[in-house]
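**Q** One letter stands for each residue in the lines below.
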Amino acid sequence: MKLLEHQAKRQFARVGIAVPAGRLARTPEEAADAARELGRVAVKAQVPIGGRGKAGGIAVVDSPEAARREAARILAMEIRGYPVRSVWCEAGLEIVHELYLGVTLDRERRRLALILSAAGGMEIEEVAATSPERIAKVWPDPFAGPQPFEVRELAFAALAHAPPLAEARGRLAAALVPLAQTLHRLAVDLDAVTCEINPLVLTPEGTLVAADGKLEVDENAEYRHRELAAELALDLEGEDGRTGEDPFEAEAKRRGLTYVHLPGGSIGCIGNGAGLVMNTLDLVQQVGGRPNNFLDIGGGAGAEKVRAALEMVLSDPDVRGVFINIFGGITRGDEVARGVVQARDELGIRVPLVVRMTGTNEEEGRRILAAAGIVPGTSAPEAARKIVELVGGGA
Amino acid sequence: MKLLEHQAKRQFARVGIAVPAGRLARTPEEAADAARELGRVAVKAQVPIGGRGKAGGIAVVDSPEAARREAARILAMEIRGYPVRSVWCEAGLEIVHELYLGVTLDRERRRLALILSAAGGMEIEEVAATSPERIAKVWPDPFAGPQPFEVRELAFAALAHAPPLAEARGRLAAALVPLAQTLHRLAVDLDAVTCEINPLVLTPEGTLVAADGKLEVDENAEYRHRELAAELALDLEGEDGRTGEDPFEAEAKRRGLTYVHLPGGSIGCIGNGAGLVMNTLDLVQQVGGRPNNFLDIGGGAGAEKVRAALEMVLSDPDVRGVFINIFGGITRGDEVARGVVQARDELGIRVPLVVRMTGTNEEEGRRILAAAGIVPGTSAPEAARKIVELVGGGA
Amino acid sequence: MAILVDRSTRVLVQGITGREGSFHTQQMQAYGTTVVAGVVPGRGGAEALGVPVFDTVTAAVAAAGADTAFTIVPPAFAADAVMEAAAAGLRLGVCVTEGIPVLDMVRAAAFVQRTAMRLVGPNCPGLMTPGEAKIGFIPNHVGRPGRVGVVARSGTLTYEVIQGLSDAGHGETTAVGIGGDPVLGSTFVDILPLFAADPATHAVVLVGEIGGSDEERAAEWIRASGFDKPVVAFISGRTAPPGKRMGHAGAIISGTTGSAQGKIDALASVGAAVAGTIEDVVRLVGERLPGS
Amino acid sequence: MAILVDRSTRVLVQGITGREGSFHTQQMQAYGTTVVAGVVPGRGGAEALGVPVFDTVTAAVAAAGADTAFTIVPPAFAADAVMEAAAAGLRLGVCVTEGIPVLDMVRAAAFVQRTAMRLVGPNCPGLMTPGEAKIGFIPNHVGRPGRVGVVARSGTLTYEVIQGLSDAGHGETTAVGIGGDPVLGSTFVDILPLFAADPATHAVVLVGEIGGSDEERAAEWIRASGFDKPVVAFISGRTAPPGKRMGHAGAIISGTTGSAQGKIDALASVGAAVAGTIEDVVRLVGERLPGS
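Residue numbers (this note's numbering), protein chains in the order written: chain A, 1 to 395; chain B, 1 to 395; chain C, 1 to 292; chain D, 1 to 292.
Keep in mind that a hint or two might mislead.
Keeping only pairs whose Cα atoms sit at most 30 Å apart, straight-line, the calculated DSSO-like set for lysine-lysine is [unchecked claim]: (1) A:K137 / C:K244; (2) B:K305 / D:K244; (3) B:K253 / B:K305; (4) C:K244 / A:K214; (5) A:K2 / A:K214; (6) B:K54 / B:K2; (7) A:K2 / C:K244; (8) B:K137 / D:K229.
Per the computed footprint, the stretches of chain B lying under chain D, defined by three or more beta-carbons under 8 Å from a beta-carbon of chain D, are [as the list claims (entries may be wrong)]: (9) 99-110; (10) 340-353.
For each label pair, taking beta carbons as the anchor points, the in silico distance ranges come out as [as the list claims (entries may be wrong)]: (11) A:A129 / D:T17: 36 to 44 Å; (12) B:I95 / A:G16: 40 to 48 Å; (13) D:G65 / B:A229: 44 to 52 Å; (14) C:Q29 / D:G243: 22 to 30 Å; (15) D:T115 / B:R109: 17 to 25 Å; (16) C:G18 / B:T130: 35 to 43 Å.
Please keep in mind that the hints were generated in silico from the structure rather than gathered at the bench. Ideal Cβ positions, reconstructed from N, Cα and C, are used throughout, including at glycine.
From just these sequences and the hints, can you work out the full model?
**A** Quick look at the structure:
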């Protein structure tokens, strides 16, 4: 769950991290009001993705009129599929230097990494690729959080690559200690896998201000942060109900299905187990087909779940055939077979279905399928070839 | 710094630990008001020591009139030297069982111990002495704090000795998890070396309520908790300015001196270094004298500090002679000697002074003392004998 | 021979009275696993599936001599259960729970690392030493004692590989499903050395998938350690689009990290045979098994 | 021979530019201690007392090859400084700071315990190996190379003991002031084994005081380990009233714990000679030193 900029900033402000003054505007008029109140402001599209600026989603304006005009323009935009529902109107900052300060999950270290760079304002991945020496990292103990000395080490390492800050580095290191500790605690409290301030602006007064923020909450922990999720949903959905998410994926989420959409593909893919379904997609592509989706019905799924899966997959009219790949462990082949037959009949499915089935009760399952005129198989590559043939070459 | 019951309870309430409804009353009239509001209440003397109940400092009353009468009686009390400045008037609780839950510094383990006992309502040290098996302890990692499983282990261990609670132990263990975690976090946040709820009352509704609380803040960390200290001072000092503390110790604290008073003793003891001064007292007593105080002037003390120390020690008219014991390391003997002579002259000291001096510049120091008619010495036991002789046998 | 689990393993089940816990414990018992106790806070003194239930792991260890935990409790309680098992001095913990908040696992992993316990999982299918014992979800019918070690991130694919190896007559020493989460107790590099040290293991199948860089680390380890048993690898997710979670929380390509091709290249560069299909896995193992 | 500190010890000073830090560093240099660096955040690149100053301990270790930290910083920063030293891989940390919040030290002690560093202190006078090196406050003139190990909680009394042993001609191998705080990096039982292993140490003086039970633990260790060098003990605080802090934060009798008599009895029961005065300490050592 990626929060919007203004949500992230509200969280920063709540824990005492300085942010510029700003107002959320959902209409051009509100943006004009904000400019009246704050003076020169940046009008920023609120969408949960990066690259807004390049897409024209940010404008700096000097007057309420300009704010109204630019807000109207931006609120009419759709940035990489995301309709802009609101703009964040924010007072400008005088900038001495732009830093990057972030907390992000490091899978390899099995910890949150605390990252500081004096090269703020750029994508940190870009900095990492082009000048990795300008990025300093520490991996604080997850229970202890960053200790002051760790933040100082981080700070002195990062600031060593910013000669203009050499003089002030002691003071900056001292100021970064509580800031980094607070940011880390915020990340932990919000179950954030990414929690970054970029740029972190050093002002002429010597304060550090979070000029932009990114906050992504672990999906497994959303149950602990329902208010944030509700807030985000409210911010993403306009009157048309569109959130900018893929509509099929949004629907699958509502139905509680583990589904990923690959728009434009023609072959629906269903299986039990994430690795198995990924492999199913791979097999389809290997023999020249174009998979339309990933759908994992999980372990021990019964007929009802299979039916729901088929219904979901076929809701995309691009799907012209479905490949169901089942390894019967806990999942029983006969039960899946019955689910497939029943779903086909009840849903009136006319596109070809190929079911590869092995493991528990596989013979019984294959018998049921064959009797109902559905193509059964035991070898997954062979079944993949079959569905691609049935859907048509180059499909 | 030992907080008063009502301060501890306000801290408990702040972090979400249930406490009975209560009102602080500084006058009998306020106690009557509290009783009018709360009904049947316990009127409890607010003094920073245990054993109030036995001393008559707690009364349970049924009417505002009784509250007024009992509050008047208790507010006139002095409990073990502490004038009662306020009473806490608290609504009664229905009690199913009394538990003990506490956090306390365990020096040997170098950690806070989390302690639970089903034998609540008694002094935990008494339970420890008479039935140690009824006390369960864990020593959580200081960074991680108590984990749920640790609290459950604690709970099942402690509740194993409370057959009436056997049935409810699962539910109780689950309820104790957040409570113990909260109490531990409170102790850490307040730098408490003791933070206990005793009794922790299990009510018929199955809730756990902190019916009494003890909270002692580490003196070394008082600088982080100035508001609590200020609040406490306000609560302890009446219009007469007396706090219940030994007045000499209170004065020494104001002067920034490390001083412990032994009322009734006749020999003032001053030295540099805690161990040395303790030993000075021991030596005086060994040869039949009665030390009046402990005063450590610390390392590197100059003439000014010596003078302040002498002034402090002699403020108790019981002092009929002073033993100054100096080991010159950083502290220079000649400087101390000059301080002693100067202080004697300026303060017009007439009681005998014996100064034992060894180490850095000891000869020069002893020369200065002898020239001024003050008894110098190099052996501490001999010097101790000398001051006892001068003050008079059995002194 | 085998690794991690065998006939002598004494298992306690955290969550034995749950629907899933109960079902899989029975499956494990049917397979021959020695289940000695269950742990359900507040249910101590009861009995379930023929074994005593305790309030705490410590009590189960003391009374029933358990040395291994099978953890099958809801996600909100799983990290704590894992830490409880580790603190109680167990040798091995196997946690199958899916959906644990990742920062819970970050803490649990750090906690476990300070103890003597090896953790497998979470969100893993568990492990099986055919003919001896299994802990977790691997279907009872798929395994067959043999010479191949299997270590895999995904569940169902693991079963397929085991089935294939069994059907081909190679059989397995032990199959270990390390799990599909971003933060795992054991990764490939934790398990491979055990297979290296197991004389009965003559070849290893490594089943990886997109996301993270555990496969790349495995390749580094193979190179650095001079591991000389044949390795056949299989990576799923070649078609997965970047930035999408493919079912497993950990199966996601982030920026330049985690693509299937990177993993395939890394493993191929250290001499592993990288298979395109499960059928190929079995064939490639057959070609490489000494004495085949 | 000696323990913990000798001619080869390479010391960095945390807080070298402070008033106290500067004074005592000079004293140490005058004594012959090899001070190789100072650490003052934000002052890296400067020089102080003839040695380079660094922003971090890590930098000081890398550039100056320090292996030991002398920590003399204000109480609010001391625990963090100790952890920094431990994290940087130092062998020994000596923290003299008085007044550190006890829960800061609880955390620091737990942190240090997970590293290879041995911590002496805080609120301690430091340690001295006469004729070789000293770290901390022990006056330069008191020591003399010899055969007695000294381990003590209080500072000034330690100096007295050292002086007495020196004047009597026994001399010291190493004197260690472990400090007067309730939570210490090293207690008697951490230091005694070092003296046990040091062939040059022929007898040990243990200077205890009221509060806690470190002396009782020392007695237990002496019994359990079969420590066979003569031990002369001295305990101060026989006259201290219960519940009062006698100067040191740790010198307080709490309930039934920490009285002088309990400690005297415990030590006497394991064969230690318990002296009534410092003069007695020296005499008792003289009577017990082998070959005296």
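**Q** Would the hint linking K2 (chain A) and K244 (chain C) be met if the CA-CA limit is 30 Å?
**A** holds, 13 Å
**Q** Straight-line Cα separation of K137 (chain B) and K229 (chain D) no greater than 30 Å?
**A** violated, 37 Å
**Q** Would the pair K305 (chain B) and K244 (chain D) pass a check requiring their Cα atoms to be no farther apart than 30 Å?
**A** Given pair K305 (chain B), K244 (chain D) holds - Cα atoms ~22 Å apart, limit 30 Å.
**Q** Between Q29 (chain C) and G243 (chain D), does the beta-carbon spacing fit 22 to 30 Å?
**A** violated, 60 Å
**Q** Going straight from one Cα to the other, do K137 (chain A) and K244 (chain C) come out at no more than 30 Å?
**A** holds, 26 Å
**Q** Quickly compare the C-alpha distance for K2 (chain A) and K214 (chain A) to 30 Å and report which way the hint goes.
**A** holds, 8 Å
**Q** Given the hint that K244 (chain C) pairs with K214 (chain A), test it: the Cα-Cα distance must not exceed 30 Å.
**A** holds, 18 Å
**Q** For the hint 40 to 48 Å, verify it against the beta carbon of I95 (chain B) and that of G16 (chain A).
**A** holds, 42 Å
**Q** Under 8 Å between beta-carbons, do enough residues of the segment 99-110 of chain B, three at least, approach chain D for the coverage claim to hold?
**A** holds (count 4)
**Q** Cβ-Cβ distance between G65 (chain D) and A229 (chain B): within 44 to 52 Å?
**A** At 45 Å between Cβs, range holds.
**Q** Does K305 (chain B) sit within 30 Å of K253 (chain B), going by the straight-line distance between their CA atoms?
**A** Holds, at about 14 Å.
**Q** Measuring from beta carbon to beta carbon, are A129 (chain A) and T17 (chain D) in 36 to 44 Å?
**A** holds, 40 Å
Checked against the numbered hints above, the structure breaks hints 8, 10, 14 and satisfies the rest.
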